[in-house]
Amino acid sequence: MKIKLLITGGTIDKTYNQLTGELEFEKTHIVQMLNRGHSMVESISEVVFLKDSLILTDEDRQLILSKCQSADEDNILISHGTSTIIKTAQLLGQNIKHKTVVLFGAMVPYSMAESDALFNLGFAFSSVQTLSNGVYVAMNGRIFDFDKVEKNKKLGIFE
Numbered sequence: 003m004k005i006k007l008l009i010t011g012g013t014i015d016k017t018y019n020q021l022t023g024e025l026e027f028e029k030t031h032i033v034q035m036l037n038r039g040h041s042m043v044e045s046i047s048e049v050v051f052l053k054d055s056l057i058l059t060d061e062d063r064q065l066i067l068s069k070c071q072s073a074d075e076d077n078i079l080i081s082h083g084t085s086t087i088i089k090t091a092q093l094l095g096q097n098i099k100h101k102t103v104v105l106f107g108a109m110v111p112y113s114m115a116e117s118d119a120l121f122n123l124g125f126a127f128s129s130v131q132t133l134s135n136g137v138y139v140a141m142n143g144r145i146f147d148f149d150k151v152e153k154n155k156k157l158g159i160f161e
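First residue of the sequence shown: 3, per this note's numbering; consecutive thereafter.
Since the hints were derived computationally from the structure, they do not count as laboratory data. Any given hint could turn out to be false.
Said to hold, decoys possible - Below 35 Å or equal to it, Euclidean Cα-Cα: the simulated DSBU-like pairs (lysine-lysine) are:
#, residue 1, residue 2
1, Lys-69, Lys-4
2, Lys-4, Lys-101
3, Lys-99, Lys-29
4, Lys-155, Lys-89
5, Lys-150, Lys-101
6, Lys-156, Lys-29
7, Lys-156, Lys-101
8, Lys-99, Lys-155
9, Lys-53, Lys-99
10, Lys-99, Lys-69
11, Lys-153, Lys-69
12, Lys-101, Lys-153
13, Lys-156, Lys-89
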């Protein structure tokens, strides 16, 4: 089984800029994370874009959908910002029926010490290999159907 990994940005890929004090995109960390985790799963990564999910447009989401639909692989992971991950998951879930798609992200960037990124990536990689066809959100050790998930902004978790 080969897994397609679509990289779209989000907090998971942000880096702290010491000059400005802001989080920003420099490059993706996903491939480095896979290497660090000693992943033995055959995968192919594609950077679609590196954006904060708060600025994603309908056109961006359509591009993600198109990439999923045209992928030769039936198992697809998507790194995504947590602010609008549910909105993208809903679009994909309404349009993709014969593939397994798992969206994941992080509340803390991979580049920071207390990040949940590596755990969430590993969990998503395991999940995409075992779930039946459908669209899911994988965060903090839990899997959610695309239409049965909410982000609890007070607690910083998905439920």
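Checklist entry - Looking back at the numbered hints, which does the structure fail to meet, lowest number first? => result none
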